[in-house]
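Participant: Given next are the chains, with one letter for each unit.
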Amino acid sequence: MEGCNGMINDFSLLHKFSFDDTYIVLDVNSGIVHSLSREAWDYLNAWEETGDAQKAIALLETTHDRRDLEQIRGQIEELQAGGLLFSRDETLESYEARGSSVVKALCLHVAHDCNLHCRYCFAGTGNFGGDRSLMDLETGKRALDFLFEISGQRKHVEIDYFGGEPLLNFTVVKDLIRYGKAKAHAFGKILKQTLTTNAVLLNEEKSAFLDAENVHLILSIDGRPEVHDRMRPFAGCQGSYAAVCKSIRTYLDSQKLDTYYVRGTYTHYNLDFCEDVLHLVEQGFTRVSLEPVVASPEEEYALKEEDLPVLGEQYEKLARAWLEYYRQGKPFEFFHFNVSLDKGPCLIKRLSGCGAGHEYLAVSPGGDLYPCHQFMGQKEFLMGNVHTGIFNHQLGEQFKSAHALNKQPCRQCWARFYCSGGCHANAYNFNGDIYKPYLPGCALQKKRLECAIYLQVKRWESRTYDKED
Amino acid sequence: MTKKVHIKTINKKVLTQTLKTGGCGECVTSCQSACKTSCTVSNQACQKE
Numbered sequence: 000m001e002g003c004n005g006m007i008n009d010f011s012l013l014h015k016f017s018f019d020d021t022y023i024v025l026d027v028n029s030g031i032v033h034s035l036s037r038e039a040w041d042y043l044n045a046w047e048e049t050g051d052a053q054k055a056i057a058l059l060e061t062t063h064d065r066r067d068l069e070q071i072r073g074q075i076e077e078l079q080a081g082g083l084l085f086s087r088d089e090t091l092e093s094y095e096a097r098g099s100s101v102v103k104a105l106c107l108h109v110a111h112d113c114n115l116h117c118r119y120c121f122a123g124t125g126n127f128g129g130d131r132s133l134m135d136l137e138t139g140k141r142a143l144d145f146l147f148e149i150s151g152q153r154k155h156v157e158i159d160y161f162g163g164e165p166l167l168n169f170t171v172v173k174d175l176i177r178y179g180k181a182k183a184h185a186f187g188k189i190l191k192q193t194l195t196t197n198a199v200l201l202n203e204e205k206s207a208f209l210d211a212e213n214v215h216l217i218l219s220i221d222g223r224p225e226v227h228d229r230m231r232p233f234a235g236c237q238g239s240y241a242a243v244c245k246s247i248r249t250y251l252d253s254q255k256l257d258t259y260y261v262r263g264t265y266t267h268y269n270l271d272f273c274e275d276v277l278h279l280v281e282q283g284f285t286r287v288s289l290e291p292v293v294a295s296p297e298e299e300y301a302l303k304e305e306d307l308p309v310l311g312e313q314y315e316k317l318a319r320a321w322l323e324y325y326r327q328g329k330p331f332e333f334f335h336f337n338v339s340l341d342k343g344p345c346l347i348k349r350l351s352g353c354g355a356g357h358e359y360l361a362v363s364p365g366g367d368l369y370p371c372h373q374f375m376g377q378k379e380f381l382m383g384n385v386h387t388g389i390f391n392h393q394l395g396e397q398f399k400s401a402h403a404l405n406k407q408p409c410r411q412c413w414a415r416f417y418c419s420g421g422c423h424a425n426a427y428n429f430n431g432d433i434y435k436p437y438l439p440g441c442a443l444q445k446k447r448l449e450c451a452i453y454l455q456v457k458r459w460e461s462r463t464y465d466k467e468d
Numbered sequence: 000m001t002k003k004v005h006i007k008t009i010n011k012k013v014l015t016q017t018l019k020t021g022g023c024g025e026c027v028t029s030c031q032s033a034c035k036t037s038c039t040v041s042n043q044a045c046q047k048e
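Chains as they are written, first to last, in numbering that gives the first Met the number 0: chain A, 0 to 468; chain B, 0 to 48.
Just chain A, with the same shape it has in the complex (with noise of 0.2 angstroms):
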């Protein structure tokens, strides 16, 4: 394409998206992002069909003002010369992760049972396909001095107390708890401990002593009641929402600090899942995540392809939601919708996805490890064990390449810098390649990011406009 300049413009290098009245530009390799007129969005759009500055403007100058277009041309030309749009580094081209990676993160699978019969489970209704077990102190304590070790120079450190359902197993959390901060303390390390629970056990006694440890918790409840208890029942088929939504009312009543997420999973059968976040918004709970559920074609509650567009809405819906709970004055936070834009990870960050099997691993209730909790138990990704070390160090190479340069798709997806290529584990379940990415699953995340961005802009001008009053 020829440039205002003289240059030729790849359009490519650019993701445009409109959002009811607003028209963003996002530079897909600096990261910005610009709203637009609607006179820009039209110059832009003729631009890339005519293929030519001077033919966009002729093009246009019967419906707009010449002197705006022209106006437009130079601003774009100022906006490429500083590298904020059409911007290119070569350096992206041979990109290979440098030096070793350092484990900093731990997934601890304390108890591979539950109390929940979840229809959608991973873990096979919490045993992970094995047998059903709690970690034992010892192990715990193992795998927290392992962590201690292995990240080196790493001033912070995560565990994530996880299952199964980790309150089965609230004695010895407790004192993993206590040992790991007396750990931290020792190792001049910063420790942030997660627990993630359906909080069928979370009354008020453990309510405080997390709250008090500042343990930040992720509370499963999936939204309104009928939907929750189609997926979540207990062992007799009983629904968990009230008991679920009882115990979360009760471990936010004695919390101090927002230190917790609820996080559900929406189905094929609650595909208007907007519903869902904003009833447990209305139900005081302000730290929302809802996913996609992850499961395989044949189940009934699967999503499928034809959902996609449903979605789509669905989120837009969310998007509008939000905006409108913020203008009231009475904001929440949707965990897929937080994109900082200024204040996000560098690049280098961002092209080392998720860390699974180099920066993060799972450990089994016997002390195995794995690349993530979503791989646990599967004999050909087993990577060590925290007694003995880790003995497949190729393996955790291989995670550490398949970020969103080294994935044929994501080269050329406007938002590799935002997903890093997904989730490891929903590739290799669904293409038998981490190589290979889930694209339903890209779909969803390309729709949940645009909606994210769009938030960012309605909240940078509306930060804008009260300065301006």
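Calculated from the structure, these hints are not laboratory results.
It cannot be assumed that every hint is accurate.
[To be verified] Here are the computed lysine to aspartate or glutamate pairs in the EDC-like style, where the Cα-Cα straight-line distance is at most 20 angstroms:
#1 B/K19 with A/D306
#2 B/K7 with A/D341
#3 A/K191 with B/E25
#4 A/K316 with B/E25
#5 B/K2 with A/D341
#6 B/K2 with A/E460
#7 A/K15 with B/E48
#8 B/K19 with A/D341
#9 B/K12 with A/D88
#10 A/K255 with B/E25
#11 B/K3 with A/D20
#12 A/K191 with B/E48
#13 B/K2 with A/D64
#14 B/K2 with A/D174
#15 A/K182 with A/E203
#16 B/K7 with A/D41
#17 B/K7 with A/E38
#18 A/K15 with A/E48
#19 B/K7 with A/D88
#20 B/K12 with A/D341
#21 A/K15 with A/E76
#22 B/K19 with A/E89
#23 A/K255 with B/E48
#24 B/K3 with A/E38
#25 A/K342 with B/E48
#26 B/K2 with A/D144
#27 A/K154 with B/E25
#28 B/K2 with A/E77
#29 B/K3 with A/E212
#30 B/K7 with A/D144
#31 A/K245 with A/D210
#32 B/K7 with A/E77
#33 B/K11 with A/E76
#34 B/K12 with A/E47
#35 A/K182 with B/E25
#36 A/K180 with A/D228
#37 B/K7 with A/D20
[Stated by the list, open to error] Covered stretches of chain A, going by a simulated chain B footprint (3 or more residues, C-beta under 8 angstroms):
#38 27-41
#39 55-67
#40 74-85
Quick reminder that beta carbons are idealized off the backbone N, C-alpha and C, glycines included.
With chain A fixed as given, assemble chain B onto it according to the hints.
Facilitator: Just chain B now, with coordinates in the frame of chain A:
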């Protein structure tokens, strides 16, 4: 009459520049928070910011 602003630039941080300045590795591991199945790296915060 004020001149109409046709292009508003929302953010300043140029990602490609962080190839030189970033990589300290102190940030939160993305899959440890409220998503355990849908990797979204960009919604993590930089520890330096």
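Participant: Hint by hint, note whether the structure agrees.
Facilitator: Evaluated hints:
With a C-alpha separation of about 42 angstroms, the suggested pair B/K19 and A/D306 falls outside the 20 angstroms cut-off, and the hint is violated. This hinted pair checks out: B/K7 and A/D341 have alpha carbons roughly 15 angstroms apart, not beyond 20 angstroms. A distance of roughly 12 angstroms separates the Cα atoms of A/K191 and B/E25; the hinted pair therefore holds under the 20 angstroms criterion. Proposed proximity of A/K316 and B/E25 is contradicted: the alpha carbons are some 35 angstroms apart, above 20 angstroms.
Using a Cα cut-off of 20 angstroms, the hinted pair B/K2 and A/D341 is violated, with the two alpha carbons roughly 27 angstroms apart. Proposed proximity of B/K2 and A/E460 is supported: the alpha carbons are some 18 angstroms apart, at most 20 angstroms. At most 20 angstroms may separate the alpha-carbon atoms for a hinted pair to count; A/K15 and B/E48 exceed this at roughly 28 angstroms. Taken as a hint, the B/K19 and A/D341 pair is honoured in the structure, with Cα atoms around 16 angstroms apart against an allowance of 20 angstroms.
Under the criterion of a C-alpha separation no larger than 20 angstroms, the hint pairing B/K12 with A/D88 is consistent with the structure, at around 15 angstroms. Between A/K255 and B/E25 the alpha-carbon distance is near 26 angstroms, which puts this suggested pair outside the 20 angstroms criterion. In summary, the hint linking B/K3 to A/D20 is supported, as the alpha carbons are separated by about 17 angstroms, within the 20 angstroms threshold. Simply put, A/K191 and B/E48 have alpha-carbon atoms about 18 angstroms apart, close enough for the 20 angstroms limit, and the pair holds.
Among the hinted pairs, B/K2 with A/D64 is consistent with the structure: their alpha-carbon atoms are about 13 angstroms apart, no more than 20 angstroms. Distance hint between B/K2 and A/D174 is unfulfilled; the C-alpha atoms sit about 65 angstroms from each other, more than 20 angstroms. This hinted pair does not check out: A/K182 and A/E203 have alpha carbons roughly 27 angstroms apart, beyond 20 angstroms. For a cut-off of 20 angstroms, the pair hint linking B/K7 to A/D41 stands: about 15 angstroms separates their Cα positions.
Taken as a hint, the B/K7 and A/E38 pair is honoured in the structure, with Cα atoms around 13 angstroms apart against an allowance of 20 angstroms. A distance of roughly 13 angstroms separates the Cα atoms of A/K15 and A/E48; the hinted pair therefore holds under the 20 angstroms criterion. Of the supplied pair hints, the one linking B/K7 and A/D88 is violated, its CA atoms being roughly 23 angstroms apart against a limit of 20 angstroms. A hinted pair counts as satisfied when its Cα atoms are at most 20 angstroms apart, and B/K12 with A/D341 qualifies at roughly 5 angstroms.
For a cut-off of 20 angstroms, the pair hint linking A/K15 to A/E76 stands: about 17 angstroms separates their Cα positions. For the hint linking B/K19 to A/E89, the alpha-carbon distance of about 13 angstroms falls within 20 angstroms, and the restraint holds. Distance restraint check for A/K255 and B/E48: the Cα-Cα separation of roughly 24 angstroms exceeds the 20 angstroms cut-off, and the hinted pair is therefore not satisfied. The hinted pair formed by B/K3 and A/E38 meets the criterion: a straight-line CA distance of about 11 angstroms does not exceed 20 angstroms.
Restraint check for A/K342 and B/E48: the C-alpha separation of about 6 angstroms stays at or below 20 angstroms, so the hint holds. Annotation: proposed proximity of B/K2 to A/D144 is violated, straight-line Cα distance about 63 angstroms (limit 20 angstroms). Annotation: proposed proximity of A/K154 to B/E25 holds, straight-line Cα distance about 7 angstroms (limit 20 angstroms). For the suggested pair B/K2 and A/E77, the alpha carbons sit about 17 angstroms apart, so the restraint of at most 20 angstroms is met.
Under the criterion of a C-alpha separation no larger than 20 angstroms, the hint pairing B/K3 with A/E212 is inconsistent with the structure, at around 54 angstroms. A C-alpha spacing of about 50 angstroms is found between B/K7 and A/D144, which places the hinted pair above 20 angstroms, so the restraint is violated. As the CA atoms of A/K245 and A/D210 are separated by approximately 17 angstroms, the hinted pair is consistent with the 20 angstroms bound. For the proposed pair B/K7 and A/E77, the alpha carbon gap of about 13 angstroms is at most 20 angstroms, so the pair holds.
Distance hint between B/K11 and A/E76 is fulfilled; the C-alpha atoms sit about 17 angstroms from each other, no more than 20 angstroms. Distance check on the hinted pair: B/K12 and A/E47 sit about 26 angstroms apart at the alpha-carbon level, beyond 20 angstroms; violated. Annotation: proposed proximity of A/K182 to B/E25 holds, straight-line Cα distance about 18 angstroms (limit 20 angstroms). For the hint pairing A/K180 with A/D228, the CA-to-CA distance comes to about 37 angstroms; that exceeds 20 angstroms, so the pair is violated.
The suggested pairing of B/K7 with A/D20 holds, with an alpha-carbon distance near 15 angstroms, which does not exceed 20 angstroms. Coverage of a stretch by a chain is defined here by at least three residues with a beta carbon nearer than 8 angstroms to that chain's beta carbons; for the region 27-41 of chain A and chain B the count is 11, and the condition holds. Here the region 55-67 of chain A counts 1 residues with a CB under 8 angstroms from a CB of chain B, which misses the bar of 3, and the coverage is violated. Closer than 8 angstroms: that is the beta-carbon criterion, and the region 74-85 of chain A has 5 residues meeting it against chain B, so the requirement of 3 holds.
Comparing the model with each earlier hint shows violations of hints 1, 4, 5, 7, 10, 14, 15, 19, 23, 26, 29, 30, 34, 36, 39; every other hint is respected.
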